[in-house]
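Going down the list, the protein sequences come from chains C and E. Heads up: the first sequence begins at 287 in my numbering, then just goes up one per residue. Heads up: the second sequence begins at 287 in my numbering, then just goes up one per residue.
Hints should not be assumed to be uniformly reliable.
In this list, chains with the same sequence are indistinguishable; a pair is considered to hold if it fits within one copy or across any two.
[What the hints assert, rightly or not] For lysine to any residue, the following SDA-like pairs were computed, each having C-alpha atoms within a straight-line distance of at most 25 Å: (1) Lys454 <-> Asn481; (2) Lys470 <-> Glu359; (3) Lys469 <-> Ala353; (4) Lys469 <-> Glu359.
These aren't lab readings, by the way, just hints derived from the structure by calculation.
One-letter residues, chain by chain:
Protein chains: 2
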Amino acid sequence: MEIKVVRQILEWNEDCHKELQQLFNEKKILVLNVMGSPGGGKTTFITRVIEALRSDYNIGVIEADIAGQIDAEKMQEMGIPVVQLNTDGACHTEAMSIKNMLPYFDLDKLDLLIIENIGNLVCPAEFDIGEDLKISLLSVPEGDDKVEKYPLMFTRSNALIISKYDMKEYFNFDENRVIENAKKLNDSINIFKVNSAKGQGLDGVIDYIKAYIKK
Amino acid sequence: MEIKVVRQILEWNEDCHKELQQLFNEKKILVLNVMGSPGGGKTTFITRVIEALRSDYNIGVIEADIAGQIDAEKMQEMGIPVVQLNTDGACHTEAMSIKNMLPYFDLDKLDLLIIENIGNLVCPAEFDIGEDLKISLLSVPEGDDKVEKYPLMFTRSNALIISKYDMKEYFNFDENRVIENAKKLNDSINIFKVNSAKGQGLDGVIDYIKAYIKK
Chain C
287 MEIKVVRQIL EWNEDCHKEL QQLFNEKKIL VLNVMGSPGG GKTTFITRVI EALRSDYNIG
347 VIEADIAGQI DAEKMQEMGI PVVQLNTDGA CHTEAMSIKN MLPYFDLDKL DLLIIENIGN
407 LVCPAEFDIG EDLKISLLSV PEGDDKVEKY PLMFTRSNAL IISKYDMKEY FNFDENRVIE
467 NAKKLNDSIN IFKVNSAKGQ GLDGVIDYIK AYIKK
Chain E
287 MEIKVVRQIL EWNEDCHKEL QQLFNEKKIL VLNVMGSPGG GKTTFITRVI EALRSDYNIG
347 VIEADIAGQI DAEKMQEMGI PVVQLNTDGA CHTEAMSIKN MLPYFDLDKL DLLIIENIGN
407 LVCPAEFDIG EDLKISLLSV PEGDDKVEKY PLMFTRSNAL IISKYDMKEY FNFDENRVIE
467 NAKKLNDSIN IFKVNSAKGQ GLDGVIDYIK AYIKK
């Protein structure tokens with residue numbers, strides 16, 4: 287990749303990111319950028335957040351996927367406004383793509399917009415997309431060495447969710463290794479341990495998100 | 287990303303890929319490009335392949351990682367010639383990077399070169415790197431919808447390894463969904479189910495790899 291071109295893309299993206307942040311602040315919408323590996327538990331985590339907050343807040347979801355609309359259908363079943371963003375092969379979401387999705391939402395009503403990024407521990411970490419918080423998931427079956435191997439994601443995240451935490455007994459997973467390495471990269475990172483499938487351990491992260499709601 | 291630039295990079299890569307393939311054919315080296323999500327089980331699978339084949343063949347490994355050398359150290363402990371390729375943030379491996387690693391190996395002696403790609407279900411699928419076989423791993427904890435969501439990887443792979451197969455009882459994983467969708471994208475794909483950690487189910491894929499050895 288020619289460095290010059292990549293840098294230009296990142297600069298354009300950063301301009302659009304700032305424009306979106308201003309808009310979301312005016313409209314008092316909290317925006318979460320949820321990232322992690324394929325199958326790291328992003329969708330199930332998001333459905334738990336929706337369940338916990340939907341009676342008090344208006345929530346919208348943008349589902350970014352390379353192809354298909356499997357996750358968007360899950361949100362639709364919950365009766366939540368959802369837009370499917372297909373990146374058509376691209377490995378991350380950019381601010382401009384998020385901007386293009388906004389006409390599908392009633393921004394005056396929305397309190398919380400959750401963006402489920404492409405399943406990828408690498409590229410999405412580079413692109414800000416108008417979010418207030420970057421929340422990255424690392425699931426126990428992925429292994430305890432992932433923070434060291436994919437440092438940018440954890441350096442840039444506000445919160446790290448260790449997901450599928452109930453699977454710890456079946457995998458050789460040293461959570462202290464994960465926590466120590468994440469804190470070394472980013473000493474202000476907030477770390478939570480959840481089992482979204484069974485709805486366990488979610489109170490802490492729900493309170494954390496609620497504290498950022500703008501309305 | 288400007289389409290023109292990306293296309294040019296893919297064309298350059300393809301030229302280098304063909305040059306590498308020719309070299310590996312002359313030297314009679316079978317080259318495997320092992321891909322999959324972060325924590326999908328690539329490294330453990332590779333160690334099992336090495337254990338099964340090292341008494342009959344000379345094996346070398348290239349470990350591609352964004353940062354660090356955790357996996358390369360595991361290979362070194364096995365006494366296998368290994369080179370660590372750090373992509374310094376890049377999300378995939380390119381043919382030129384592989385070419386640059388070759389002076390570290392004795393190509394006249396090598397029978398099998400295993401390249402462990404960056405943990406990523408998206409970008410590595412686009413770049414040929416001189417390989418004879420693309421082998422992609424999908425682990426049970428990642429979920430049974432990944433073939434639909436990341437179609438290029440499975441369209442372009444010669445073999446799909448369903449890994450961490452012993453975890454099936456703990457996850458809601460419909461293997462028929464995976465197999466049917468993979469066959470729909472690529473009807474010549476070879477599918478194997480393995481549990482590398484416990485060394486189970488590996489005979490089929492070891493025989494499959496052996497059948498391609500060139501010497």
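Verification of the supplied hints:
no.: 1; hint: Lys454 <-> Asn481; result: both (10 Å within a copy, 17 Å between copies)
no.: 2; hint: Lys470 <-> Glu359; result: between (38 Å within a copy, 22 Å between copies)
no.: 3; hint: Lys469 <-> Ala353; result: between (34 Å within a copy, 17 Å between copies)
no.: 4; hint: Lys469 <-> Glu359; result: between (36 Å within a copy, 24 Å between copies)
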